[in-house]
Amino acid sequence: MSGPVVSSPHGPRPYRVDRVMLEVLLALVPGVIVMTWFFGWGTLINIALATLVAVAAEASIMLLRRRPVTPAIGDYSAVVTAVLFAISVPPTLPWWMTLLGMLFAIVLVKQLYGGLGYNPFNPAMAAYVFVLVSYPVAMTTWLAPDVLAEHPLSFAESLRLIFTGALPTGLEWDALSAATPLDEMRGKLDQGLRIEEIRQSPLWGDFGGRGWEWVANGFLLGGLYLLWRRIITWHIPAAMLLALMIAAGIFWLLDPETHPFPAFHLFSGAAILGAFFIATDPVSACTTKNGQLIFGASIGLLVFAIRTWGGYPDAVAFAVLLMNIAAPTIDHYTQPRVFGHAKDRADR
Amino acid sequence: MAAPQPYGSIIGDGLWRNNQALVALLGLCPLLATTTSATNGLGMGLATTAVLILSNVTVSLIRNLVRPEVRLPVFVLVIASFVTTVELSMQAYFYELYLVLGLFIPLIVTNCAIIGRAEAFASKNRVDRALLDAIAMGIGFTLALVALGGMRELVGQGTLFYQANLLLGEAATGLSLSLGAGFQGALVAILPPGAFIGLGLLIALKNLIDARNRRRAAARAAHPELPQAPASGAIAPG
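Heads up: the sequence lines are chains A and B, in that order. Going by the working numbering, the first sequence opens with residue 1, and the numbers climb by one from there. Going by the working numbering, the second sequence opens with residue 349, and the numbers climb by one from there.
Hints were generated in silico from the structure; no laboratory data involved. Hints are supplied without guarantee of correctness; some may be wrong.
[Stated by the list, open to error] Computed beta-carbon distance windows for the label pairs:
1. B:541 with A:63: 22 to 30 Å
2. A:137 with B:541: 16 to 24 Å
3. B:559 with A:171: 18 to 26 Å
4. B:553 with A:221: 41 to 49 Å
5. B:541 with A:65: 43 to 51 Å
Here a beta-carbon is modelled for each residue, glycine too, at the ideal position from N, C-alpha and C.
From just these sequences and the hints, can you work out the full model?
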């Protein structure tokens with residue numbers, strides 16, 4: 001047996017950006033399949049549209065900056081941003097909101113700061129918040145899970161809904177849409193109902209919302225794949241989910257009538273997706289191990305606080321953006337001691 | 349003391365080179381908070397300009413009477429008196445606009461741009477220069493406010509100079525521009541984040557223009573045989 005002679009060191013192949021991004025895209029597949037199963041073609045149409053816009057925007061900005069275009073497109077980071085955005089927004093979002101969101105993400109949040117590696121904020125989440133704050137009604141109109149069993153929207157009908165806003169004849173929004181589990185829980189709690197009464201509704205599954213918990217399971221599978229492939233480490237997801245569970249658990253133990261079971265928090269909104277795919281963004285998250293624990297746990301606590309007392313039903317995007325600002329400071333104070341230097345002499 | 353600044357340079361500083369909103373970044377509180385529309389920006393800018401003119405002239409007049417140790421409290425008192433005057437006048441003549449701008453009119457007192465000009469310019473210069481400086485700085489500030497307000501209004505609401513009649517009388521109703529009722533604006537532009545993003549874009553635009561002017565000036569200096577561009581007044585690099 002003969003092969004090329006390679007000199008030492010014989011380490012593993014270094015990870016390249018495009019490899020990492022492709023693995024992330026691969027890991028998103030199960031969640032996307034489950035979403036498409038429950039919420040229809042809209043998710044896939046949004047992914048295609050967002051990807052198209054994001055790549056085009058990235059290429060145009062690179063041309064404007066007189067930088068080589070191919071490496072920026074070829075690292076698939078714009079595609080990951082687009083897919084993360086597309087699976088966070090409702091599958092019926094009008095096409096031009098996706099367009100605006102992706103332009104905001106790529107041009108303002110990513111490229112104005114210098115491109116991949118320089119953006120202080122997670123572009124997909126910044127775009128999500130931009131569209132949510134600007135167009136709250138469209139962004140909180142979700143299809144009811146399983147509604148497609150009664151009123152199947154064909155691919156062509158989904159396409160027409162997204163591009164012209166026209167529903168198939170004989171259908172009303174009221175028949176198609178339903179509050180998301182977090183929205184429902186929050187609205188009913190505000191009306192003074194107790195958890196048991198709220199959970200009578202057919203919207204609920206075993207832990208979170210029907211359909212929604214399976215979407216979360218899909219993303220959990222992808223997240224475990226990323227951990228197995230060592231694309232991400234356990235620090236941020238574990239800290240975030242644990243903090244969210246502990247905070248929710250404390251309040252649930254104190255008053256189980258008005259605070260949902262901790263598993264509800266994990267499996268209802270974007271908590272799982274956020275913990276494995278969004279908070280772990282290698283650019284905008286903390287880089288030191290201790291810092292990542294603090295970063296993740298703070299996101300978990302913020303998610304609980306905003307969901308419980310804040311103005312919007314889900315909170316992952318806001319929590320991630322808030323901690324993105326804090327990440328450089330956290331990194332600064334959690335620098336590990338340099339080997340061979342005394343602690344107090346460590347150059348901070 | 350160095351030779352007094354020439355008049356042209358004072359105007360250039362106020363309108364462009366040392367624009368209080370885009371370069372000095374002073375008076376950010378009213379700049380960010382009240383520029384939800386071009387009309388609001390114009391109203392706020394004019395009120396600030398009025399206070400700035402009155403305070404600069406007064407400070408310049410009393411500059412040799414006030415001991416340096418107490419000059420800042422005296423400046424604040426002067427500014428506060430004029431702000432009260434302007435506030436009461438707005439309440440009398442532009443009541444609707446006064447309601448819209450609300451708390452930010454009395455807060456002109458704390459606008460750093462005004463005390464900044466009093467301290468940095470009026471207290472060291474003769475009345476004529478102080479007056480010119482106040483007018484130039486005020487107009488520069490107002491233009492930035494109107495530009496930012498117009499941007500945010502256009503993106504967020506699809507209108508320009510909506511309700512201009514509140515400020516400029518019924519004749520100005522025709523000034524209002526609308527992109528049509530079907531326009532779904534990005535609400536974020538009118539909310540506070542939009543102010544920060546908009547201001548950042550305006551500053552970037554100004555820096556872009558400056559950089560281009562500098563490049564052109566450098567090119568002209570390197571090739572004196574090329575035809576010289578006509579002096580472009582305030583924008584010419586100093």
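Status of the hints after comparison with the structure:
Against the hinted window of 22 to 30 Å, the Cβ-Cβ separation of residue 541 of chain B and residue 63 of chain A comes to about 28 Å, which satisfies the hint. Checked against the hint of 16 to 24 Å, the C-beta distance between residue 137 of chain A and residue 541 of chain B comes to roughly 19 Å, which is consistent with it. The supplied range of 18 to 26 Å is broken by residue 559 of chain B and residue 171 of chain A, whose beta-carbon atoms lie about 55 Å from each other. Judged by the Cβ atoms, the range 41 to 49 Å given for residue 553 of chain B and residue 221 of chain A holds: they are separated by roughly 47 Å.
For the hinted restraint 43 to 51 Å between residue 541 of chain B and residue 65 of chain A, the CB-CB distance of approximately 25 Å leaves it violated.
The structure does not agree with the numbered hints 3 and 5 stated previously, though it agrees with the rest.
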